[in-house]
Amino acid sequence: MLIQFGQALNNYLYDIFIAKFDFWLVFGLAAQLAFAARFLVQWIASERAGKSVVPLAFWFFSIGGGLMTLIYGLVKREPVIIFGQLLSNIIYVRNLMLIFKSRQQGSQTLSN
1 MLIQFGQALN NYLYDIFIAK FDFWLVFGLA AQLAFAARFL VQWIASERAG
51 KSVVPLAFWF FSIGGGLMTL IYGLVKREPV IIFGQLLSNI IYVRNLMLIF
101 KSRQQGSQTL SN
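The letter at position 63 of the sequence shown is residue 63 when you use my numbering, and the numbering goes up by one with no holes.
Quick caveat, the hints were computed from the structure, so don't treat them as lab data. Where is the CB? At the ideal position from N, CA and C, for every residue including glycine. Among the hints, erroneous ones may be present.
Simulated restraints, written as ranges between beta carbons of each label pair [what the hints assert, rightly or not]:
#1 Leu86 to Gly106: 24 to 34 Å
#2 Ala36 to Ala8: 23 to 33 Å
#3 Arg77 to Ile18: 16 to 26 Å
#4 Trp24 to Arg103: 31 to 41 Å
#5 Ala36 to Ile90: 19 to 29 Å
#6 Ile3 to Ile91: 28 to 38 Å
#7 Ala49 to Gln104: 17 to 27 Å
#8 Ile44 to Phe5: 30 to 40 Å
#9 Gln108 to Ala36: 29 to 39 Å
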């Protein structure tokens with residue numbers, strides 16, 4: 001039974017990563033890496049600050065990785081990815097808008 005499971009797993013992984021290897025698989029993996037990098041950036045910033053912080057780079061990685069993943073979903077015709085990333089990217093862009101608005105208001109207050 002264990003041998004059959006191992007063979008089935010091997011066949012599954014071969015089908016996913018070898019038989020279907022193309023540009024879009026590489027693009028999709030790069031998208032996931034870009035998206036995952038945002039957590040590394042956030043973790044490092046939090047460790048340096050000694051508290052939980054969300055740096056500006058987190059949102060840029062979120063948008064970059066999210067847009068790449070959205071493109072991947074559109075090309076592969078994956079409705080779950082398309083729906084999820086479309087909504088997520090709206091939230092990421094809105095967060096950046098709020099950050100820049102807050103910074104602009106802060107700089108106006110300092111100049112007055």
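Okay, the hints, checked on the actual structure:
In this structure the supplied range 24 to 34 Å holds for Leu86 paired with Gly106, their Cβ-Cβ distance being about 31 Å. Distance hint for Ala36 and Ala8: a CB-CB separation of about 28 Å, consistent with the stated range 23 to 33 Å. Take Arg77 and Ile18: their Cβ atoms lie about 22 Å apart, and the range 16 to 26 Å holds. In this structure the supplied range 31 to 41 Å holds for Trp24 paired with Arg103, their Cβ-Cβ distance being about 38 Å.
A C-beta distance of roughly 20 Å is found between Ala36 and Ile90, which places it inside the suggested range of 19 to 29 Å. A hinted range of 28 to 38 Å for the beta carbons of Ile3 and Ile91 is inconsistent with their spacing of about 47 Å. The beta-carbon spacing between Ala49 and Gln104, approximately 23 Å, falls within the hinted interval of 17 to 27 Å. The hinted window of 30 to 40 Å between Ile44 and Phe5 holds, with their beta carbons roughly 39 Å apart.
Distance hint check for Gln108 and Ala36: the Cβ-Cβ separation is about 36 Å, which falls inside the suggested range of 29 to 39 Å.
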